[in-house]
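Engineer: Sequence:
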Amino acid sequence: EELGDDNPVVFDFNAAVLRIVKKAEESMRKELEPINKKVAGTRHQLFDGYTPPPKLVSDGLNADLQEQMALALDTIQRWQQELGCECQLLFTLMRSILGDKAMVERCETEASSAAEVLRRHDPGPFAGSHGATEREERFAASVRLCQLQDVLGDLTASSYVQAMSAEFASELAYARPQVPLQRPDTPDAGDDGGWHVPPSFEKLAEGAVVGPIAGPQTDFLDGADMAEVGTMPEFKAPTPPPMEPQGDPPVTVCMRLHGVDLADTRSKSEILLMEKCASIIAEECGIPREWISQVTFAEPPPKVAPVGPPAADLEGSEEAETGGESVTPVPGSYDGVPAT
1 EELGDDNPVV FDFNAAVLRI VKKAEESMRK ELEPINKKVA GTRHQLFDGY
51 TPPPKLVSDG LNADLQEQMA LALDTIQRWQ QELGCECQLL FTLMRSILGD
101 KAMVERCETE ASSAAEVLRR HDPGPFAGSH GATEREERFA ASVRLCQLQD
151 VLGDLTASSY VQAMSAEFAS ELAYARPQVP LQRPDTPDAG DDGGWHVPPS
201 FEKLAEGAVV GPIAGPQTDF LDGADMAEVG TMPEFKAPTP PPMEPQGDPP
251 VTVCMRLHGV DLADTRSKSE ILLMEKCASI IAEECGIPRE WISQVTFAEP
301 PPKVAPVGPP AADLEGSEEA ETGGESVTPV PGSYDGVPAT
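Just so you know, we're using UniProt numbering here: the sequence shown kicks off at 1 and counts up by one.
Calculated from the structure, these hints are not laboratory results. Just so we're clear, the structure is a prediction, and the values are computed from it rather than from any experiment. In this text, a Cβ means the ideal position worked out from N, Cα and C, and glycines have one as well. Relax, there's no trap hidden among the hints.
Calculated pairs, DSS-like style, for lysine-lysine (alpha carbon to alpha carbon, straight line, at most 25 Å):
hint, residue 1, residue 2
1, Lys37, Lys22
2, Lys55, Lys37
3, Lys37, Lys101
4, Lys37, Lys23
5, Lys38, Lys55
6, Lys38, Lys101
Label-pair restraints from in silico Cβ distances:
hint, residue 1, residue 2, range
7, Gln66, Glu137, 35 to 41 Å
8, Pro53, Gln77, 29 to 35 Å
9, Ala40, Gln162, 28 to 34 Å
10, Asp59, Ala132, 53 to 59 Å
Use the sequences and the hints to build the structure in full.
Structural biologist: Shown next as structure tokens:
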């Protein structure tokens, strides 16, 4: 009452209550609609036939109807205690199950209990915490009486409704603006103009087509271009860039250059020497200079001395050369020939 209905906190509270009411309303509908169909089917067999059913069949149908009505009354009572008078669907199913006469009697009984609360002494706004509790009860009774008055007005224009309206005119006038807050089916119970919805959200959600662009921007377009401008453009994935063909893998070659040793690489600039060697290699191989990308120098493999024949072979060869005679070299001689 102090903050007002436009306050965001109050609006969020009302929205949360509406979500709870809708969830409970869906559960109530799933439970009461099968009972309503059974009651309607039993009544149709009892009263809507061309000829009344036989006595035994009629007694059985009446017994079934009494059981179904007892179950329906218990279910309606339970859901009415939970939902109160805010759910219009509950009153619709009650009217279908109970009938107009029983519905009017039930609503008038509920309205009488609300009227008894309003007939108590009003404690006023300065009565303390106890008075605040009583004022809250009176306000809830006023809202409930407004809701029942709407239901009874749809059913019958009885003098009871007129008497209630005249007796509690001030209380009903004060509570009437609060009725749509907890009624999801009331036209006034909207989303407050959709202030919490992003701009153009409804149009995009409904799939609306954007109109043509007005103004001098479309003067240079013809009819076909205007048709394209007047519709939402379709999303197209960007074309990937062309892939360059990959060439052959690089070739590694190891060669020996005559006339160049490691001493040259250490005494001269290595970069200049690499450039000169790359030019020489390209010229000798008959390939472009750009094909040679990297030049490195490495030590050549060490030379291995040749292995001589075994000692036994040497002795055998000596014997073969001397004819099997033992020759002992003496000082002053060469290869066993005495010096002269």
